[in-house]
Amino acid sequence: ALTAHIGNWELGGTILSLMGYPISAIVLPQRNRAINNIFLKQRLAKGLKSIFLGQNLIEGVRRLKRGEVLAILGDRNIDFSKNTRDKTANKATGVEVEFFGRKTYFPKGPAILAYWTQALILPGFTIRNKNNKYTLHFERPIQVKRCKDKEEFIRINTQKIATVIEKYVRLYPEQWCVFEEVW
Numbered sequence: 020a021l022t023a024h025i026g027n028w029e030l031g032g033t034i035l036s037l038m039g040y041p042i043s044a045i046v047l048p049q050r051n052r053a054i055n056n057i058f059l060k061q062r063l064a065k066g067l068k069s070i071f072l073g074q075n076l077i078e079g080v081r082r083l084k085r086g087e088v089l090a091i092l093g094d095r096n097i098d099f100s101k102n103t104r105d106k107t108a109n110k111a112t113g114v115e116v117e118f119f120g121r122k123t124y125f126p127k128g129p130a131i132l133a134y135w136t137q138a139l140i141l142p143g144f145t146i147r148n149k150n151n152k153y154t155l156h157f158e159r160p161i162q163v164k165r166c167k168d169k170e171e172f173i174r175i176n177t178q179k180i181a182t183v184i185e186k187y188v189r190l191y192p193e194q195w196c197v198f199e200e201v202w
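Numbered according to the working numbering, the sequence shown spans residues 20 to 202.
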């Protein structure tokens, strides 16, 4: 499942787990070990397993191939070696896309996983309603364009991901909290 830093992205994975779907999330380790452990325990208590970004992508591939759901955020390009969004590393760690009519970098990860596993990219967003309850919105799976060239596959399909995320940011701009400068 593809999501973004919009609404309550942590709650979305929890809901799917409580509905009985085996699910893991690719997560960014927190700098503070105590805070990191709280996040990990909270997720695991609800059945949501964590895979640290940049540390064990092969495990994510294994879980996808077993038919599990793999939740991944697609709107923040991270240089996991520095645990930050480093603009000088964007070309190496991300792919250039158009987002709100401007060029920026989005992570390659979701498209790479789809390339390796042929898994669906299913966008889902947990949006806060006016009554302070949440609704889980799913889009149709992204129609992945298959290409023999891996880099072309990543570029084309990451742009499709950016387009879906842009749709939800336009609908709910007050709920988008990407934590970092985008452009």
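A portion of the hints provided could be inaccurate.
Unchecked claim - Here are the simulated BS3-like cross-link-like pairs (lysine-lysine), alpha carbons at most 27 Å apart as the crow flies: (1) Lys152 / Lys60; (2) Lys84 / Lys149; (3) Lys169 / Lys84; (4) Lys149 / Lys65; (5) Lys60 / Lys122; (6) Lys167 / Lys152.
Since the hints were made in silico from the structure, they are not lab data.
Lysine 84 and lysine 149 were given as a pair; does the straight-line alpha-carbon distance stay at or below 27 Å?
38 Å, violated
Taking only the CA atoms, is the gap from lysine 60 to lysine 122 under or equal to 27 Å?
The given pair, whose Cα atoms are some 37 Å apart, is violated under the 27 Å limit.
Can you confirm whether the C-alpha distance between lysine 149 and lysine 65 stays at or below 27 Å?
With Cα atoms ~26 Å apart, lysine 149 and lysine 65 stay inside 27 Å; holds.
Are the Cα positions of lysine 167 and lysine 152 separated by 27 Å at most?
Violated, because 44 Å separates the two Cα atoms, which is more than 27 Å.
Given the hinted pair lysine 152 and lysine 60, is their Cα-Cα distance within 27 Å?
Holds, at about 24 Å.
Against the 27 Å threshold, does the CA-CA distance of lysine 169 and lysine 84 hold or violate the hint?
19 Å, holds
Checked against the numbered hints listed earlier, the structure breaks hints 2, 5, 6; every other hint is satisfied.
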